[in-house]
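Undergrad: Listed below are the residues making up each chain.
Number of protein chains: 2
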Amino acid sequence: MSQIIPKGFSDLLQQPIFANLATIMPDGGPQVTPVWFDYDGTHIIINSAKGRVKDRNMRRDPKVAVCIMDPKNPYRYLEVRGKVVEITEEGADAHIDKQAKRYLNLDKYPYRTPSEVRVLYKILPERSSSMG
Amino acid sequence: MSQIIPKGFSDLLQQPIFANLATIMPDGGPQVTPVWFDYDGTHIIINSAKGRVKDRNMRRDPKVAVCIMDPKNPYRYLEVRGKVVEITEEGADAHIDKQAKRYLNLDKYPYRTPSEVRVLYKILPERSSSMG
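Protein chains in written order, with my numbering: chain A, 7 to 138; chain B, 7 to 138.
It is possible that some hints are incorrect.
Each pair may be met inside one copy or between any two copies, as identical chains are not told apart.
Below, computed lysine-lysine pairings styled on DSS-like, alpha-carbon distance capped at 25 angstroms [stated by the list, open to error]:
| # | residue 1 | residue 2 |
| --- | --- | --- |
| 1 | K13 | K114 |
| 2 | K114 | K128 |
| 3 | K89 | K78 |
| 4 | K78 | K56 |
| 5 | K13 | K56 |
| 6 | K78 | K114 |
| 7 | K89 | K114 |
The hints are simulated quantities; they were obtained by calculation from the structure and are not laboratory data.
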């Protein structure tokens, strides 16, 4: 467990809850959308698809922030700021099915479109803030 | 109602739900935290306090993004990207009490600290994205 994540908030990284992922647009402004996430003990892992706004943003600028609210208490949250240190298609198909199991209890990710290329983004936490 | 907000999502601006507000740090990276918000039909209004990270960020760089998830359906959300067009302390004290009524059903905002100076940030929507 990274020292950057306060111990009292690491539970939020283990649950199948939504994160809000903020990335940087070409004009330098932020973009923020809800995403599923995963955590490998070091990196926060996002699974998206090639060509989406957040995909293009993270390829251009690796600086991101992730906010995870406790679904049982909206006044408790963990914010992690960090950098995308790896972008890979390897394992992304299997991983989105694993996420579908975790979030939807389905064996296969059901929203797949024929042409989409799944991509994994591994975020290394550098700073955090928390409340609650 | 601004034409930038899709009609089918304007309900999300009327409810006392949390928004995730993304702002820009001094290093150009994003910061994102949950906030209460208000909507005057044109601007998304955030009430924060002087000296906080998001206050310093919005004074330095007016580019922000706001994501509002439907509490009844996490796969439905509205993201608004825009600019802070006004920052003022005028009316901010009365407004945070109004927000406490809206979000907590309390007549007075209960988290006030003696030294804090409340500030209103009025965000003009420029782009939106939505899902669901």
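Undergrad: Hint by hint, note whether the structure agrees.
TA: Status of the hints after comparison with the structure:
Proximity of K13 to K114 under the C-alpha cut-off of 25 angstroms is found in neither arrangement, the shortest distances being 33 angstroms within a copy and 33 angstroms between copies. In the homo-oligomer, the alpha carbons of K114 and K128 lie at most 25 angstroms apart inside one protomer (22 angstroms), although the nearest pairing across protomers, at 43 angstroms, exceeds that limit. Taking the shortest alpha-carbon separations for K89 and K78, neither the intra-copy value of 28 angstroms nor the inter-copy value of 32 angstroms comes in at or below 25 angstroms. Taking the shortest alpha-carbon separations for K78 and K56, neither the intra-copy value of 33 angstroms nor the inter-copy value of 29 angstroms comes in at or below 25 angstroms.
Within a single copy, K13 and K56 get their C-alpha atoms no closer than 34 angstroms, and across copies no closer than 28 angstroms, so neither meets the 25 angstroms cut-off. When the C-alpha separation of K78 and K114 is checked against a cutoff of 25 angstroms, the pair qualifies only between copies, where the shortest distance is 24 angstroms, while the shortest distance within a copy is 28 angstroms. Taking the shortest alpha-carbon separations for K89 and K114, neither the intra-copy value of 29 angstroms nor the inter-copy value of 40 angstroms comes in at or below 25 angstroms.
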